[in-house]
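Colleague: The listed protein sequences derive, respectively, from chains L and W.
This note's numbering numbers the first residue of the first sequence as 8 and each following residue consecutively.
This note's numbering numbers the first residue of the second sequence as 238 and each following residue consecutively.
For the record, the hints were derived by calculation from the structure and aren't laboratory data.
Being a predicted model, the structure only gives us computed values, none of them experimental.
For each residue, glycine too, the CB sits at the ideal point set by N, CA and C.
The reader is advised that the hints may include incorrect statements.
[Claimed, not checked] Here are some chain W residues pointing at chain L (derived, C-beta under 8 Å):
no.	residue
1	I335
2	I342
3	A408
4	A503
[Said to hold, decoys possible] Covered stretches of chain W, as calculated for chain L (at least 3 residues, CB under 8 Å):
no.	stretch
5	319-325
6	343-350
7	414-425
8	442-452
9	491-502
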Amino acid sequence: MSTERHVLLKYILFSCAVLVAPVFFAGGYLLNVLVFVGINTILALALNLLLGYAGQISLGQAAFFGLGAYISGIATATYGMNPWLALVLAAVIVGLIAFAIGFPILKLKGHYLAMATLGFGIIVYIVFNETFELTSGPSGLSGIPYFSVGTFEFDSDMKSYFLIWGFALAMILLSVNLVNSRIGRALRAIHDSEVAARVMGVNARLLKVQVFALSAVFSSIAGSLYAHTMTFISPTSFGFNFSVELLTMVVIGGLGTVYGSFLGAALLTLLPELLRTFQDYDIVIYGFLLVVMIMFLPGGLVRIPSLIMARFDRLRVRGREHA
Amino acid sequence: MSHQILQYLLSGLSTGAIYSLIGIGFAIIYNSTGIINFAQGEFVMLGGMLTYFFLSVVKFPFMVAMLLAIVFTTAVGILFERLAIRPLKNASPLILVIITIGGSILIRGLAMLIWGKDTHSLPMFSGNEPISIAGATLLPQHLWIFGITLFIIIVNRYFFYHTISGKAMRACSHNRRAASLVGVDVKRMVFFAFAISSAMGSVAGIITAPLTMTSYDVGVMLGLKGFCAAIIGGMSSGIATVFGGLLLGVLEALGAGLVSSGYKDAIAFIILLLILFIRPQGLFKKADTERV
Chain L
8 MSTERHVLLK YILFSCAVLV APVFFAGGYL LNVLVFVGIN TILALALNLL LGYAGQISLG
68 QAAFFGLGAY ISGIATATYG MNPWLALVLA AVIVGLIAFA IGFPILKLKG HYLAMATLGF
128 GIIVYIVFNE TFELTSGPSG LSGIPYFSVG TFEFDSDMKS YFLIWGFALA MILLSVNLVN
188 SRIGRALRAI HDSEVAARVM GVNARLLKVQ VFALSAVFSS IAGSLYAHTM TFISPTSFGF
248 NFSVELLTMV VIGGLGTVYG SFLGAALLTL LPELLRTFQD YDIVIYGFLL VVMIMFLPGG
308 LVRIPSLIMA RFDRLRVRGR EHA
Chain W
238 MSHQILQYLL SGLSTGAIYS LIGIGFAIIY NSTGIINFAQ GEFVMLGGML TYFFLSVVKF
298 PFMVAMLLAI VFTTAVGILF ERLAIRPLKN ASPLILVIIT IGGSILIRGL AMLIWGKDTH
358 SLPMFSGNEP ISIAGATLLP QHLWIFGITL FIIIVNRYFF YHTISGKAMR ACSHNRRAAS
418 LVGVDVKRMV FFAFAISSAM GSVAGIITAP LTMTSYDVGV MLGLKGFCAA IIGGMSSGIA
478 TVFGGLLLGV LEALGAGLVS SGYKDAIAFI ILLLILFIRP QGLFKKADTE RV
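Full structure from sequences and hints, please.
Modeller: Take a look at the structure:
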């Protein structure tokens, strides 16, 4: 089918762009920013699978990100585990936690789901701050080792870039496949009407929990990548504000679009760098963007080209009518 | 030991009273629009910060400053409804959650830009001579909090049960469509809901500020705690939410005093999750409708 080829082509083009990008930014400060764009792309993608496709909001994504980072950090810095193993361990634990809380949490809908996930996020954040023996509390956990293969360490921006974008591209491929599969269609059916989906034989309850767990695992992996790239983590990176920032990325990029997650993540990661002169204004700009985008461009940034095309088509039709 | 417990109880009740006021604000908007207004906490912040601003910067008398703060916050509430909520017709809960979150960030951010990140205090309403009751001490401000909360709850009760507008708002909360069919102007009721709950939020912010201080970011936690109170009360805009708030305040104070103060904020959210999981209709209500 041509749409399948279209999907593959898009993915290959995107991958090429990602692989070529560092050539232009080598050694510069922007390369470091692009590393964070990669991490945020994974996180936004994880939330988008849940929110954009299955229609289930989560305001606690930062908790899964933080759990991944802290489990990875503690396992390696305190207990001397291999970072790769720690990444897997964290992903498994976080997946299990998400699976366990997913059943009661995803019974809730709309505002109640938002508040429950938010509550979960805040509890986890408080635990990060209060369990001094494990996390070193608000002052943060340091001495986390880099990823390494033999004697090769991922200790520079360039190396981190390829490591993190390698993971990001793999997850994007996985997501593209997932959303274009039977499961993806079932998720969209749940989004439109859960009752109708269930009538059609979709096991909505289980599927929602599975997507929730998958989203948590993605976030956990992003957390491990973050911990082993930064080598230092502290609770402030994983608070409520970051959950909201992730939500903003997904909404601005475009709900229910894989590449929208990248656009949103890129914009919100680059924006503060570009707006450096504004300093504290960034929070106001986030709020403003969130409100304005949802009111006037609910489809997100990815819809802009098709909107322009539609406008163009309309002009052309009108032109023909006049002729 | 027993007077210590009494002390926790009393201070818990006074924070609980604040949670009740905020919770009722949540419930009023929810009942007339079906929206959980994530910006509710920002009204509380605005109450305290605007009073500080009019009192200490503009140098108005305390009473005038408080009244102006309430008026301004109410205006912000009305403006928020007009600019962000009303234009979105038939929006999904998801969109509404996102837009009220966006609104709250915007209000908080603007407050930070205007007044900075410093913490400010307000003077006590009448002196700070402690009153001792059976070994526990209370400040006059605590009594003000109890008194004003009680007064607002009584006025609220009167409004909802003995005035036409109040009754119309209750009709909306049962069934908006049916209410509009018998001639209730639903849009006007939504307008009322935002006005009342932002005013109540600002009062809560003003009466608590002399005890807890105020800054641009106090709204987040207070708003969430108020929401917990409303959830415990089953989203009732009456006495059930008041009990919810008081219960939450007391449990928090006891938890902080007897277990660990670091986990004080976690207690509210653990209660929130438990209630949502086990009794989503609230503690006091029978499960008549599915609150999903």
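Colleague: Determine for every hint whether it applies to the structure shown.
Modeller: For each hint, the structure was consulted:
1. At about 5 Å, the closest approach between the beta carbon of W/I335 and any beta carbon in chain L falls short of 8 Å, and the interface hint on this residue holds.
2. For W/I342, the shortest C-beta to C-beta distance to chain L is roughly 3 Å, which falls under 8 Å, so the interface hint holds.
3. For W/A408, the interface hint is violated, since its Cβ never comes within 8 Å of a Cβ in chain L; the closest pair sits about 22 Å apart.
4. The beta carbon of W/A503 is positioned within 8 Å of a beta carbon in chain L (closest approach about 4 Å), and the interface hint is therefore held.
5. Only when three residues or more bring their CB closer than 8 Å to a CB of chain L does the claim for the stretch 319-325 of chain W stand; here the count is 3, and the claim holds.
6. Under a criterion of three residues with beta carbons nearer than 8 Å to beta carbons of chain L, the stated coverage of the stretch 343-350 of chain W is upheld, 7 such residues being counted.
7. Against chain L, the stretch 414-425 of chain W contributes 0 residues with a C-beta closer than 8 Å to a partner C-beta. That does not satisfy the three-residue criterion, and the hint is violated.
8. Closer than 8 Å: that is the beta-carbon criterion, and the stretch 442-452 of chain W has 0 residues meeting it against chain L, so the requirement of 3 is violated.
9. Counting residues of the stretch 491-502 of chain W whose CB falls under 8 Å from any CB of chain L gives 4; the rule of at least 3 is met.
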